[in-house]
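**Q** Chain by chain, the residues:
Number of protein chains: 4
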Amino acid sequence: MLSFECDYNEGAHEQILRRLIETNNEQLPGYGNDKYCDLAKAKIKAACGRDDAEVFLLVGGTQTNQIVIDTVLAPYEGVVSANTGHINVHEAGAIEYSGHKVLTVPHEQGKIKADVLEKYLEIFHGDETKSHMVYPGMVYISHPTEYGTLYSLDELTALSGVCKKYDIPLYLDGARLGYGLMSSGTDVTLKDVARLCDVFYIGGTKVGALCGEAVVFTHNNAPKGFFTSIKQHGALLAKGRVLGIQFDALFTDDLYFKISRHAIEMADIMREMFIKKGYKFFIETVTNQIFIILENKKMEELKKSVSFSFWEILDEDHTVVRFASSWATRKEDIEKLSDLL
Amino acid sequence: MLSFECDYNEGAHEQILRRLIETNNEQLPGYGNDKYCDLAKAKIKAACGRDDAEVFLLVGGTQTNQIVIDTVLAPYEGVVSANTGHINVHEAGAIEYSGHKVLTVPHEQGKIKADVLEKYLEIFHGDETKSHMVYPGMVYISHPTEYGTLYSLDELTALSGVCKKYDIPLYLDGARLGYGLMSSGTDVTLKDVARLCDVFYIGGTKVGALCGEAVVFTHNNAPKGFFTSIKQHGALLAKGRVLGIQFDALFTDDLYFKISRHAIEMADIMREMFIKKGYKFFIETVTNQIFIILENKKMEELKKSVSFSFWEILDEDHTVVRFASSWATRKEDIEKLSDLL
Amino acid sequence: MLSFECDYNEGAHEQILRRLIETNNEQLPGYGNDKYCDLAKAKIKAACGRDDAEVFLLVGGTQTNQIVIDTVLAPYEGVVSANTGHINVHEAGAIEYSGHKVLTVPHEQGKIKADVLEKYLEIFHGDETKSHMVYPGMVYISHPTEYGTLYSLDELTALSGVCKKYDIPLYLDGARLGYGLMSSGTDVTLKDVARLCDVFYIGGTKVGALCGEAVVFTHNNAPKGFFTSIKQHGALLAKGRVLGIQFDALFTDDLYFKISRHAIEMADIMREMFIKKGYKFFIETVTNQIFIILENKKMEELKKSVSFSFWEILDEDHTVVRFASSWATRKEDIEKLSDLL
Amino acid sequence: MLSFECDYNEGAHEQILRRLIETNNEQLPGYGNDKYCDLAKAKIKAACGRDDAEVFLLVGGTQTNQIVIDTVLAPYEGVVSANTGHINVHEAGAIEYSGHKVLTVPHEQGKIKADVLEKYLEIFHGDETKSHMVYPGMVYISHPTEYGTLYSLDELTALSGVCKKYDIPLYLDGARLGYGLMSSGTDVTLKDVARLCDVFYIGGTKVGALCGEAVVFTHNNAPKGFFTSIKQHGALLAKGRVLGIQFDALFTDDLYFKISRHAIEMADIMREMFIKKGYKFFIETVTNQIFIILENKKMEELKKSVSFSFWEILDEDHTVVRFASSWATRKEDIEKLSDLL
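Chains as they are written, first to last, in my numbering: chain X, 1 to 341; chain P, 1 to 341; chain F, 1 to 341; chain Y, 1 to 341.
To be clear, the hints were calculated from the coordinates, so they are not data collected in a lab.
Every value quoted in this text rests on a predicted model; they were computed, and no experiment measured them.
Because identical chains cannot be distinguished in the list, a pair is counted as satisfied if it fits within a single copy or across any two copies.
Listed next, the in silico BS3-like pairs over lysine-lysine satisfying Cα-Cα at most 27 Å (straight line):
no. : residue 1 : residue 2
1   : K331      : K303
2   : K165      : K113
3   : K336      : K35
4   : K119      : K297
5   : K35       : K130
Using the sequences and the hints, build the whole thing.
**A** Quick look at the structure:
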């Protein structure tokens with residue numbers, strides 16, 4: 001059975017496994033106070049081009065979103081998100097669990113446009129009853145988005161500008177950040193992200209790690225007591241080394257970028273393949289996620305030998321499905337897929 | 001530098017690492033829906049002797065306590081704990097974060113005695129103003145306790161009886177469960193735990209895993225929507241396989257018990273060594289944690305070549321410290337320690 | 001200065017004040033355990049035609065919504081609301097504060113249509129990823145709605161049917177219930193509401209009381225521990241008599257209905273007046289709220305002698321404003337208003 | 001039936017009722033934006049001798065404690081309280097509901113002694129594991145305490161000093177503040193309270209009002225967004241006038257102090273009466289609460305004609321009960337009580 005279901009189907013990149021084995025018998029302090037966490041953080045700061053960044057290593061994406069949003073917001077504030085944002089749809093209410101409302105604005109291909117955000121904030125602040133409403137205290141975007149799309153540097157700059165104008169921090173969910181940064185269709189670099197956002201995370205789980213996300217507060221702006229808040233949210237890993245060693249490996253010799261680039265190359269091949277075979281895209285993407293419109297009959301047939309993700313029903317006869325490549329995708333599997341299409 | 005600081009100083013048992021490597025390239029579904037999670041759960045249920053158990057794999061201990069307690073309790077209920085309980089002291093308020101009060105009773109060597117609990121419940125239910133108070137809705141114990149002590153089968157049976165009488169679930173925090181079950185000084189088996197408790201967890205992090213705790217609801221009593229609650233708490237691991245493979249390994253060929261037994265043997269040697277050298281125990285323990293009273297001068301000297309945990313100040317000249325063995329403790333390190341004492 | 005700003009501009013109906021005075025020196029138990037609370041509850045149950053109802057008296061509307069929704073929902077569930085619902089807009093995130101997401105569906109004149117709800121629930125339950133999403137665990141409607149509109153008996157019956165089909169409780173926010181029930185344009189009675197909803201509240205604050213809302217669980221379905229939950233939410237009034245005496249007065253000799261009818265009669269006069277003078281309605285209502293489109297110039301002029309509520313900007317030259325009548329509206333004030341239009 | 005059960009058995013002081021009636025037909029803005037709220041706040045600030053105070057009017061005591069503590073604390077902080085503190089015992093977990101732990105220290109006659117607090121803070125800040133623990137972020141005291149006792153000016157000054165040393169705000173729960181300030185046995189004035197505390201509340205419910213507590217942030221230190229937080233907690237009263245008018249009346253012509261003094265005088269008479277009749281006190285108090293040890297037989301007999309509060313079981317034959325006077329206590333009722341003793 002082939003699988004293009006998602007980008008977390010395999011274990012970890014072999015270089016990560018190797019480092020876990022090599023360091024296994026070392027006696028290290030717990031809770032992230034080990035030298036590998038320190039090394040990982042230093043390398044991430046360097047890659048971001050920010051000496052004044054503060055880096056924290058967490059286990060998973062929803063966990064990261066919950067903790068960052070909950071600790072950055074004041075209690076009476078909510079977070080602005082595209083209605084398609086992961087925090088608004090597929091995190092089982094983790095943000096609301098922490099007491100905060102997700103304030104939705106309409107998306108455009110998964111993105112928040114700067115003018116839409118500005119209008120939203122303008123209307124809010126012009127509303128005489130605003131003190132009875134949830135204050136927008138942060139803007140959440142994902143890059144790549146849930147639709148596999150990317151912000152251009154202009155778009156990100158504009159969004160950051162609106163946030164600065166209203167003095168609201170901009171938070172970027174980078175669960176698949178590597179696949180965004182290594183896309184052929186982007187002009188946004190990691191340094192741009194670190195310059196334009198107040199806080200973001202570099203996804204490890206979907207980019208070669210067993211687990212792990214690296215949160216970057218970009219300018220000495222980590223909330224007071226953040227370490228204790230991590231513990232309070234049940235998110236502090238006793239063996240913090242597991243995260244440190246993995247991110248140290250990912251940010252050594254550009255491994256994170258190289259394996260992300262591999263996924264993009266595989267996706268580009270798949271995209272061409274789909275075009276050649278006459279398939280239609282539901283949405284144009286330049287990252288590792290490909291959204292295809294399938295006839296239901298074809299879909300049922302394919303399901304027998306390939307797994308992929310259901311996305312949504314298009315009409316009675318057609319369904320939108322997602323094929324994802326990853327750091328682990330093998331060229332021969334794409335060829336096998338090609339034969340089946 | 002020797003370390004007897006805690007039981008999570010090293011990585012994972014080699015058999016666990018081997019299985020992670022062997023399965024690394026398999027394409028598996030996410031979120032715990034893989035075959036290794038299924039295998040692990042089946043083996044744990046068998047070890048517990050309970051077909052009607054429901055098993056869930058989580059990442060860390062505080063996380064597990066938070067989710068289990070929050071989902072089992074009704075919103076207006078709190079959890080009864082010894083005042084020394086981990087949830088009351090060293091979890092940064094994770095239980096209160098989830099909205100519930102920790103209701104404390106005095107401990108005896110880290111344990112809740114059945115008569116103390118019964119008296120507490122009797123007084124509560126006799127109080128005319130109880131509807132203005134937090135209802136005791138669960139009893140939390142740890143085994144081994146934070147003091148390294150163990151409940152006898154009689155004590156656990158009595159406690160379970162009081163809980164049943166008042167229709168309150170009994171929850172056992174087994175962060176170090178293996179070290180309790182394999183102690184020479186216990187008459188409690190895993191099957192006893194599974195029979196006498198309503199829910200408990202089998203600690204992996206401190207017993208040979210990179211991370212991971214296995215929650216066991218012992219009689220088809222997992223709270224409705226528990227999977228979604230895990231996600232809501234930010235605790236759902238995308239690559240659930242990481243937990244499944246580890247617990248599958250731990251419960252294959254009794255690995256969990258064998259490595260726990262090793263830690264106990266090492267601790268027994270250390271205990272004898274401390275006795276021989278004339279050191280005094282702060283508390284008598286039969287598990288992998290040893291609490292020693294050190295003269296401050298000696299303590300400072302030792303610190304130069306061994307790491308151990310500060311526990312508490314005893315008097316002006318003496319300090320209580322903790323030495324812990326683990327699945328990874330090497331006999332030669334104990335010998336080196338002996339030379340230093 | 002005339003005021004048609006809202007329906008809580010004055011104190012309390014004189015009959016309520018009179019009863020507060022008459023009973024003032026009686027020594028009564030606290031926390032709602034007094035005879036007036038008992039009387040009020042019995043009268044409300046009778047008016048609802050439900051012996052099996054359970055009635056609780058709370059202080060305010062947002063408080064009531066928060067407590068009812070939080071205690072009825074399971075922790076992993078959210079509440080479905082029209083996007084215009086009060087809980088979604090003007091309660092400062094009180095629902096999210098209690099940990100629950102407000103799941104929005106598009107409104108039609110402030111109402112949720114049965115087919116919209118059914119479609120929403122159908123799609124949710126058909127979604128393969130639903131266990132990663134917030135479960136719809138309750139449906140919230142307001143009657144009259146925030147737009148002053150009303151559900152017809154058919155609409156309410158259909159909505160209740162969908163809720164029953166999916167086994168989801170239906171909750172009706174009756175902050176202005178009296179004004180809905182006494183409208184000339186309704187076919188819904190209090191008994192219908194009590195029959196078709198699982199829980200609702202009868203608004204006192206906006207219908208003649210100093211404060212107070214009566215929550216009705218219609219069929220012995222109050223959540224376990226509800227009294228303690230009220231206390232836990234900080235909502236238990238020490239002098240519960242203040243609520244008991246007021247609701248006892250409101251449900252004696254049909255006072256609640258009579259004063260609601262008065263507000264409707266005043267609103268009907270105002271509506272005719274607006275029509276005669278050539279004003280346009282933003283939305284057609286049959287309750288005590290009237291939404292008028294004003295030229296901005298006229299609006300500024302009017303503001304000098306009348307207060308009313310800003311609703312929204314229609315276009316560059318026009319604004320939507322709200323005029324509200326109430327139990328306290330005086331005919332002579334309407335005549336004065338007429339002169340100003 | 002006589003009642004000395006508590007200090008909220010009657011309605012409101014007649015002067016308050018009179019003002020509610022006189023202002024009843026005035027059309028006033030909602031949510032505390034009326035002139036009576038402004039007047040009340042100005043008078044309270046004057047009585048406190050603090051121009052830089054910020055005053056908010058809330059409905060009830062538990063509500064007030066919940067909102068103040070939740071908004072002043074950082075998310076990872078808890079509140080230090082005597083183990084007998086109202087927030088720790090009789091508020092149904094309202095503080096924990098808001099996510100914060102109540103950190104208890106042993107009481108002395110209901111009070112926290114400065115040296116006990118200092119020791120607690122010293123140990124906490126000296127603990128190497130403190131980042132895994134709940135940070136003490138506020139100190140909560142009640143004055144009078146739950147035992148009817150009072151802090152002396154020296155005690156309060158010392159406590160305030162420790163708080164300042166550790167930069168932790170001091171919060172005083174003044175549910176019965178009037179009865180404390182008017183006691184013959186106190187040297188603490190309202191101005192002292194306002195000078196030594198960072199925030200406190202002046203209880204209305206137990207001192208002559210139908211409901212209402214006035215929160216005073218003493219030096220422009222109200223948390224940002226406090227108004228919205230009140231709404232978010234479901235605690236914003238639509239007819240804020242009800243609170244404004246009552247506190248305006250209470251702080252006009254020293255009404256608050258005069259009626260508090262009356263309660264003290266009545267209590268003093270009762271105390272003498274109990275002494276004369278040979279009853280023993282469980283604890284010596286100088287406020288409106290009197291704790292008497294009764295033989296059980298006598299207690300049962302008394303119960304037939306007087307109501308009082310059960311406090312606790314002393315031994316097999318004796319029970320501690322509480323008699324409370326209030327602003328509404330009538331001298332003839334005390335005489336009747338005297339005949340029964």
